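Protein chains: 2
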Amino acid sequence: MRRFPAATLEAFIARALAAVSLPEADAREVSLLMTRADLRGADGHGVFRLPQYVRRIRAGGINLHPDIRVARETTATALVDGDNAMGHLVMRFAARVAMDKAERQGVGWVGVRRSNHAGPAALYASMPLERDMIGLYLAVGNANHLRPWGGVELLLSTNPIAVAIPALDEPPVILDMATTVAAYGKVKTAAQRGETMPEGWMIDAEGRPLTDPQRAEEGFLLPIGGYKGYGLALVFGLLAGTLNGAAMGRDVVDFNKDDVTGTNTGQTIVAVRIDAFEEPKEFKRRVDALARDLRASKRMRGVDRIRIPGDGSHATFLERSRRGIPVNDTRFPSGGRKTCGASWG
Amino acid sequence: MRRFPAATLEAFIARALAAVSLPEADAREVSLLMTRADLRGADGHGVFRLPQYVRRIRAGGINLHPDIRVARETTATALVDGDNAMGHLVMRFAARVAMDKAERQGVGWVGVRRSNHAGPAALYASMPLERDMIGLYLAVGNANHLRPWGGVELLLSTNPIAVAIPALDEPPVILDMATTVAAYGKVKTAAQRGETMPEGWMIDAEGRPLTDPQRAEEGFLLPIGGYKGYGLALVFGLLAGTLNGAAMGRDVVDFNKDDVTGTNTGQTIVAVRIDAFEEPKEFKRRVDALARDLRASKRMRGVDRIRIPGDGSHATFLERSRRGIPVNDTRFPSGGRKTCGASWG
Chain E
4 MRRFPAATLE
14 AFIARALAAV
24 SLPEADAREV
34 SLLMTRADLR
44 GADGHGVFRL
54 PQYVRRIRAG
64 GINLHPDIRV
74 ARETTATALV
84 DGDNAMGHLV
94 MRFAARVAMD
104 KAERQGVGWV
114 GVRRSNHAGP
124 AALYASMPLE
134 RDMIGLYLAV
144 GNANHLRPWG
154 GVELLLSTNP
164 IAVAIPALDE
174 PPVILDMATT
184 VAAYGKVKTA
194 AQRGETMPEG
204 WMIDAEGRPL
214 TDPQRAEEGF
224 LLPIGGYKGY
234 GLALVFGLLA
244 GTLNGAAMGR
254 DVVDFNKDDV
264 TGTNTGQTIV
274 AVRIDAFEEP
284 KEFKRRVDAL
294 ARDLRASKRM
304 RGVDRIRIPG
314 DGSHATFLER
324 SRRGIPVNDT
334 RFPSGGRKTC
344 GASWG
Chain P
4 MRRFPAATLE
14 AFIARALAAV
24 SLPEADAREV
34 SLLMTRADLR
44 GADGHGVFRL
54 PQYVRRIRAG
64 GINLHPDIRV
74 ARETTATALV
84 DGDNAMGHLV
94 MRFAARVAMD
104 KAERQGVGWV
114 GVRRSNHAGP
124 AALYASMPLE
134 RDMIGLYLAV
144 GNANHLRPWG
154 GVELLLSTNP
164 IAVAIPALDE
174 PPVILDMATT
184 VAAYGKVKTA
194 AQRGETMPEG
204 WMIDAEGRPL
214 TDPQRAEEGF
224 LLPIGGYKGY
234 GLALVFGLLA
244 GTLNGAAMGR
254 DVVDFNKDDV
264 TGTNTGQTIV
274 AVRIDAFEEP
284 KEFKRRVDAL
294 ARDLRASKRM
304 RGVDRIRIPG
314 DGSHATFLER
324 SRRGIPVNDT
334 RFPSGGRKTC
344 GASWG
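Residue numbers (this note's numbering), protein chains in the order written: chain E, 4 to 348; chain P, 4 to 348.
All the given hints hold, so there is nothing to weed out.
No more than 25 Å apart at the CA atoms, straight line, and that leaves these computed lysine-lysine pairs for PhoX-like: (1) P/189 to P/260; (2) P/260 to E/301; (3) E/260 to P/301; (4) P/260 to P/191; (5) E/191 to E/260; (6) E/260 to E/189.
Honestly, the hints are just simulated from the structure, not real lab data. Nothing here was measured: the structure is a model prediction, and the numbers come from that model.
If we strip away everything but chain E, and leave its shape as in the complex, we get (with noise of 0.2 Å):
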C-alpha cells in the first residue's frame, strides 16, 4: 500500500476523467470532490469509484456535455435536471441553489433527478457549512441490495441519509449512514479476507441469520432496526426518488452491472439558515456544549472514547492531509485499473 499527497491523487484522477473527454473544468470538479471523499475516509467512494465511472463514460453511459438545469422552481424550492451528468457536478450544482434559496428565504429544498452516482452523502450534506447552514441529504441508492420487510425481492436500495451541522472549536457533526446495518462493501471485504459475517448483518431467503459471506446472493442485507430501516429506506427513496421524478423501486439501474443505461438517478439536499433560528456562534457554542458532554460522560467497561458522528472521518481528514491518502490494488474491483489506462503518480 502507498500514500499520495491528495493534490497528486487529485491530479490524477482529473487526468483520468479527462482523458475519456469529460471537458477539463468539470474533470477537475469532480476529481476535487472524489478526493475530498478519499480525505475523509470513505473509501468506498473515493478514487475506488474511478475505474467504474470511467467504464460508464466510454460506454456512453453518461452525458460529457450536460445542461444541468433548474426544471421547476418556488421561491424555496427547485427541481433540478441532471441531463445525466456526471452525479458530482449535477450535485454540486443543487447544493448551490439549495443554499442560495435558503440564504433568501431561510431554507432551500432542492431535489435532482436524471443524476448519477454522486459519491459519499457526507460531502454534499457539509457543503452548506461554509454557509452558516446545516445541510441535509437523502438519495436513492445505485443498485437495489434491499426487500421490503417480509419480502424477498430486491426492490430498494440502501438509500442513505447525511446530515452535518457545525460546532464552533469542534468538529462538524456529520452523520452519514446507510438504512442497513452493513454496507454491501463490507460483506464484500469479508468474502474476500475469508472471514465468516456478525448475526444481524444479512438473513437467507427462510429468515434464518446468514454469516458466510460468500453465499450473500442468496441472503438479504437487513435494514437497522428490523422494519423500521426498511420504513426509512423507503420515506427516504420517496423523497429522494418519487417526488423528484427519479428511479426508485423495480426503476432503479444496478450501475455496477450495467454501464450503460440512463440511471435516473434521484437525490434531495437540503440547507436551513442557523440564523434563521439562533445567532450562528451561540448555536455552534451549544453543540460544542453538547458534544463535550457527550464524550465526556461515564463510559462502558473496556470502551477507550464516546464518538460523536463524524469524529471519525474528521480525524481521518486530519491524518490523510499530513501523511497523504493510502491507495492499494485491493481498493480497485477486479480489473479496476486495467480500465484506467493511466498510471498512479
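Since the structure of chain E is already known, use the hints to place chain P on it.
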C-alpha cells in the same frame, strides 16, 4: 375492556381538561388530537396520557393561558415560542405556520421551543397531507432513555421521526418511529406480563444482552443499527432541540417523574408542497404504483403480507372508527384514573 365511540372519548377528554381549567376551546382542540391518536392505534399517546397531563396541569407545570407566537421568522422558516402551553396546541399552531409558508414558498420549516409532550409524531407529520403537502416531524423526547454509544449515562431521548407522504387510492405512507429497537413502553408491558424480552432490545452496564424486563432500570435501550441509531437520535435532537433553543441532552426534563419544571420541549415540522416538484395527482399515482409493487412482491415463507408504513394505523383507524376505541384500566399508569376526577361514558 370496553369500547367507546370516538366522539364519546373525545368529549370525555375535553371535559376532563376543562375541569382542570384548560380553556374550553383549547380543551376541545387537545381532545380532538388525543382521540385521533387513539383512533390510529397510538395507544401510548392518546387517552393513556390524560392522567399525566391532568396531574401536570394541576401541579402548575403547564401554562393554561399561553401566548403561542412566532418569535423569529424568515419567509420560509419560523421559530415558534410555545410559552409552555399544552404541546398539542403549540404543534397545531406550528403546523399551520409551516403549511402557510410552504403554500407561498414551496417549503416551510418551523421549529418550536418551550413546547410540551404533544402525542404521536405522526399526528403532526400527517397534517400537511390535507393540503397536498408532504410532512416531516422531528422531536426531542420527554425523558432520556438512551445513552451515547459506548457510554452508560442516559443523556439522550429516543428522539422520533415521522414522515407522511400522500397516495391516491392507497393509504398515505406514514412512518412514525423512535430511534430505538423497542420503545420503553414495550419493556414496561413485558414486565407487567412477566415475559422475557428478545435479545437486541436492551443491554446491561457490561454490554451483555438484558432480557429480564424486571431489571430494566439496570440497563439501556439499544438504538436501531447500534451506533447508527445513536447518531440519528443525536442529530434529530440537534435539529429539533438545540437549533430551536429547546432542551437537549442533560437539560431534558423527565416528565414522568417531574410534573412542575417547564420541559422546554423542542419539535420541528417541515411541510413541502408536492406541486413544487410534480403534479400532485401524478405523484400520488406513482406512490400507489410503488406501494402496490412492494405489496405484491414475493414473500418470505410464513409471511402473510408485506406492509407499507402506515398500513397498520390506517387499518386500526378504520376499525376503531366503526367499532369504537378500546379502553381498559391497564392502559392507565397506576393511580391514573383516580387523578382524573371524572367518569367515563
